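Engineer: Each chain is listed here by its residues.
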Amino acid sequence: MKFSEFNWNAMPDVTGHFGAYGGRFIAETLMEPIYQLEQAYSSLKNDPAFQAEFDRDLKHYVGRPSPLYFAERLTRELGGAKIFLKREDLNHTGAHKINNTIGQAILAKHMGKTRIIAETGAGQHGVASATIAARLGLECVVYMGAEDVKRQAPNVFRMKLLGATVVPVHSGSKTLKDALNEAMRDWVTNVDNTFYIIGTVAGPHPYPAMVRDFQSVIGREARQQILEQDGCLPDALVACVGGGSNAIGLFHPFLADESVAIYGVEAAGSGISTGKHAAPLTAGKSGVLHGNRTYLMEDANGQIIETHSISAGLDYPGVGPEHSWLKDLGRAQYVAVTDAQAMEGFHTLTRKEGIIPALESSHAMAYVMELAPTLAKNQSIIMCLSGRGDKDINTIARLEGITL
Amino acid sequence: MSRIAACFQALKAQGKTALIPYVTAGDPHPSITVPLMHQMVEAGASIIELGVPFSDPMADGPTIQLAHERSLVHNTSLANILAMVSEFRQTNQTTPVVLMGYLNPIEIMGYEAFAKAAQEAGVDGVLTVDLPPEEGKSVLPLFKAHGLDPIFLVAPTTPAHRMQAIAEAASGFVYYVSLKGVTGANTLDTTEVAARLQQMREYTQLPLGVGFGIKDAATAKAIGQVADAVVVGSALIKQVETTPNDHTAIIKNISGLLASMRSALDA
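Going line by line, the protein sequences match chains L and S.
Residues in the first sequence are numbered consecutively from 97, following this note's numbering.
Residues in the second sequence are numbered consecutively from 6, following this note's numbering.
Careful, some of the hints might be misleading.
[As the list claims (entries may be wrong)] Calculated pairs, DSS-like style, for lysine-lysine (alpha carbon to alpha carbon, straight line, at most 27 angstroms): (1) S:226 - L:270; (2) S:226 - S:257; (3) L:381 - S:17; (4) S:257 - S:220; (5) L:381 - L:423; (6) S:21 - L:205; (7) L:246 - L:270; (8) S:121 - S:142; (9) S:243 - L:270; (10) S:17 - L:423; (11) L:205 - L:256; (12) L:98 - L:270; (13) S:21 - S:257; (14) L:155 - L:98; (15) S:185 - L:381; (16) S:121 - S:185; (17) S:142 - S:185; (18) S:17 - S:121.
[Claimed, not checked] Pair by pair, the computed Cβ-Cβ distance ranges are: (19) L:132 - S:196: 18 to 28 angstroms; (20) S:67 - L:370: 31 to 41 angstroms; (21) S:197 - L:436: 29 to 39 angstroms.
[To be verified] Negatives, chain S to chain L, calculated, CB over 10 angstroms: (22) 7; (23) 48; (24) 68; (25) 82; (26) 135; (27) 161; (28) 163; (29) 167; (30) 195; (31) 247; (32) 250.
FYI, nobody ran anything at the bench for these hints, they're computed from the structure.
Since the model is a prediction, treat every value here as computed from it, not as a measurement.
Ideal placement from N, C-alpha and C gives every residue a C-beta, glycine not left out.
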């Protein structure tokens, strides 16, 4: 298939599949609600009034467009390609997550739902959901793995300040996947009045497509900004991949630009060979979880295995189905960096550019540090700086043996 | 005729309602499952639903989640469970066995391999919670080709046109989920259930079972008056929670509860 001629917007197909991946693998109780959601979304997404409301909120409430920043000192130090950072960390609430929650919350309002639920790992999606619920006067319940509640305390407090109820989930591995299970159980029980805002490009169709559409503003802006600032398309894109929403948001508008290499960076945790990681695209295989078929971390019996990452936002055994498809097509390459490399990325960006990145985004940074020196000085890389690192300072301090 | 069809035909001839217990295979230990299955048949079970544990049982409430976790401590696999069914079949050739669970363990085993092995083991039906008919277009014919009835859920949210599609894809029986929510939830509206079953009968001749929210002899009896089969799960599994280390007590208490339901249904 010729990437430059393929109609990337035609995917997923009408049944919600990206090739073998995606789909709607959910319990019967949720099938009709999922069809209603799909119908509501497809009738609204081309509605000029809906788009205008979304764009207005992105501009005046989120603060978009986010800057594309040329990291000059970092570029010089690494001695290779020019590094541009897409500053999603400067959005209201501090990460890319708000782009999607605004879109879904407007949809929820149109569908007459009065209650919002969300799952969260690092807490950024929970905060973004609580934020938009506060603004629209909707009840908000956020499910969060008990383990993540501990390691992301500042975000838990922020959600509570915003009026959300945070429910710690004690089942399974007590992280993001278990929060997602619990949110699904809430949804199946309260489906009449409740809208489930999924925070990533995973879950049953239409979530992967809908979240991608809302997040694609990242790539559309970046594409225009790099043409203005650098006069040509970038040579490479780099973004971290947990579920993969910031990554698909950056990648999607560039998929037909064949000259642009695309790299998704997964969490290698303690190292792929140790088995303690969260890199399904790098080291997993295809399976069905959380409503879609995709690459998963699973054992020989099809049980989902516990993941490990320093970053709560990447600590997930699955990945958005579109990434699985892009990997098989060879349109995007997926690599993995360890906790230790991510820490190095974190400190480097902090010290060289005065920008404290989220631990998730630090994984992308670590890969940029590998990639940039291999490219020529007239080449360029856009990295999605998906979130700011304030939420992680307790984790960093603890890892480095510092008492705050 | 399949074992499931024969079972319903025989019950109908006697004017009886089917009683279908659900237990998670391997809970709290793999060694209990086969004796428990036999004892449940003694207590009046018509069909046995054997839960295949999964690490992420999204449609289940806390009781069955914990049952899955207890079973997975012993790494109970789909292959182990098929071996349990084979063992059960050595002395019981008549009671139908339906496997209930999530898609991924089957997907990983491979659909063809699973269908073949399940047929050889003596499995009669497969209920895969997260495989709606839409996603089953290539899988379901494989099941049927190996004599496995695909059992589907119908929910309170299922509209008429989906009932029809489900009826077309299903065989064996159709399982009506009596409430919105996860397994083990509480309230049950018999009038509402009766109305929905009535609607469902417009689309299918298959027997109709009802589950979710049946917890004792009284609720079983009430549902038994409108359904062809009564499914009970969480209420049985709660008996495991009370005495997790005493297999004799678990078997005794589960069969005791089932027997009380059987008498209430037959009264």
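Engineer: Would you list, in rising numerical order, the hints stated earlier that this structure does not obey?
Structural biologist: Structure breaks hints 1, 3, 6, 10, 12, 14, 15, 16, 18, 21, 25, 26, 27, 28 and 29.
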